[in-house]
Amino acid sequence: MNFSDLAKAINHFLFAPKSPLPMALVRICVGLILLQDTLVHLLPDFKFYYGDNAIIPIESTICKYWFNEPYFDIMLLLPPGDTWKFAFFIVFVLAAVCMTFGLFSRTSMIVGFLCLLSFDSHLELNQNDGDVFLRLTAMILCFSNAGDALSLDNVFRARKAKQQPAPSGYVLSAPWAQRWLQLQVAFVYWHAFVCKIAGFSWISGMACYNSSRYEDCMRFPLPIVFDNLFTIHCLSWGTLVIELFLWTLIWFKQFRYWVLLGGIALHLGIEFTMNLPMFEWIVLSTYFAFVEPEDLSKFANIIRSYFSKLHFHLPGKARLPGPQSSLNTRPT
Amino acid sequence: MIIRIVLLALFFAYVVRAPMDFRTKVLEASIRDNPELRLLRRQSDCERGFLEAVKLPVGDKLRQQAISDLALVRWRQLKFQDAENLYRLALIENKPSKDYDQALLSNMLKLAAVYRDESKFAEARSVYLATLAYDQKFLSKSDTRIGRDLSNLGINYYIEACSKDRVDPASKMKDERTSLMLKAKNYLDQSLKFFGDTPENQQLASIALSNRCLVLRDLGEGEAAKIDKSRANRLDNAEQRLCKLP
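Chains A and B, in that order, are what the protein sequence lines are. Taking the numbering used here, the leading residue of the first sequence gets -2, the next gets one more, and so forth. Taking the numbering used here, the leading residue of the second sequence gets 1083, the next gets one more, and so forth.
Incorrect hints may have been included.
As the list claims (entries may be wrong) - Dumping the calculated DSSO-like pairs for lysine-lysine here, alpha-carbon to alpha-carbon at most 30 Å:
#	chain 1	residue 1	chain 2	residue 2
1	B	K1275	B	K1265
2	A	K44	B	K1107
3	A	K250	A	K295
4	B	K1177	B	K1143
5	B	K1311	B	K1275
6	B	K1161	A	K61
7	B	K1246	B	K1161
8	A	K61	B	K1107
9	B	K1275	B	K1246
The set of hints was computed from the structure by calculation and includes no laboratory data.
The task is simple: from the sequences and hints, build the whole structure.
Below you can see the structure in the form of structure tokens.
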């Protein structure tokens, strides 16, 4: 392989038109997680976190966390008063709703990301790694073709196009943002793996014992599993193996779904035992970026045929993205 | 597409830049209210000033000032060795002057105090004696600054005596301690003769009395110590000083 072949391969990897279906699913999941974040986590204690008399005033955040660094916070531009901040919060919620339904997709994704960035900057302490990863994913979505499928925008676009030569299927476009998300996810697992093997507890196989003793983070106890040395070793080393595969074998099609299944098992296991708000769900939702659109369509067909056997018809018809949809490409 | 990205970037830059004045004010206020932050800021200012000043020729006033400023910051940060080195550098680089040099004397007094904080009492004593000689050379015989130097020497002897007590409470050491205490008392007695009844001298007199009270107390002369304490208290009350004798 010479340099020209390599350049072509990279060009194909980043820019060969692809279906927006995987990123659309990521968009919907991120939208739902943003709604959970805003309505479940922030709304009940909004004044406590972001009010004029918040537990950590913005002056303290500036002095202790920001210093002179260029933080982005739209709330600093708002007039004083809780009402303005709450209005801004409503904008955030509306952006999350629009993002989920794919209405004004690009605008809603950008607004959602900027609102999320502002809320995270405004109260640095009120976030975990899940918030950081959510922010990164929301940023990548802004540049993606996620609004071109499973969205109200797409429905309106299709209606408009009825008078024109019929475009069927989804509009294909360069998937570089999807690749960016894939690389980001792989990087997260690479970092997690490298940090784990640098220490002693994961190599010795006792890390899961330790983590299962953080009582303030535990959700449902698993006494047998976490009290047995063999299972603790299996879980600790199994985590290492899955995380290794999630940035190596995941790039090979023949292993990808098995590796993703391992990742799903890992994160659902953590979700069951530990209470880390949003973290597992945002990571799992980015897995859609690794799924081939053809396989997603096949999966949708299987579901439809299952429901049709039950004499329950789902809207839409079975459709495989093939040559017919690849005609409708657009540059991004 | 490019226009949209540019507009978004401009908006992003605006949101970051627009509240900068507010943020600067908040930071300034927090630095004003926080001694640690104030010292940290002073440190960065002084380090920057020092790096600029070392480019100037030896003996330049600005260079001298920058060295002294950084030394003071290091002293406040309890980095005594750094402070000592910087004050010594400032004294070595000082241009000899025919007139009374206040900056030179200030650096000498601070170097002596750094030595004292490092428990290098002999070195501190020699510097205090040098300041005394310098003041006696340039000032009138009744100048209160000579009294200040004598008071400094006295308190240096007193702290040295206390350190002897702490190191070894054996009787032989106690003799050395007593002799140091007596020297301290002698210097403090001499210094008190310089402070008259004028209001500007009352603070110096109060300090010297407080120091002599401690010396007398540790020498076992309780009654005399009480008299000094009451005199010092009277002066403190008249001056409304916040720092009082324990």
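Here's how the hints hold up against the structure:
Between K1275(B) and K1265(B) the CA atoms are separated by roughly 16 Å; this keeps the pair inside 30 Å, and the hint holds. Distance restraint check for K44(A) and K1107(B): the Cα-Cα separation of roughly 24 Å lies within the 30 Å cut-off, and the hinted pair is therefore satisfied. Between K250(A) and K295(A), the direct Cα distance comes to roughly 16 Å. Compliance with the 30 Å bound is thereby established for this hinted pair. Restraint check: the Cα-Cα separation between K1177(B) and K1143(B) comes to about 9 Å, which is no more than 30 Å; the hinted pair holds.
At roughly 17 Å between alpha-carbon atoms, K1311(B) and K1275(B) fall within 30 Å of each other, so this suggested pair holds. A threshold of 30 Å between alpha carbons decides the hint, and for K1161(B) with K61(A) the separation of about 25 Å falls inside it, so the pair holds. The suggested pairing of K1246(B) with K1161(B) holds, with an alpha-carbon distance near 24 Å, which does not exceed 30 Å. For the proposed pair K61(A) and K1107(B), the alpha carbon gap of about 14 Å is at most 30 Å, so the pair holds.
Note on K1275(B) and K1246(B): the hinted pairing holds, with a Cα-Cα distance of about 28 Å set against a maximum of 30 Å.
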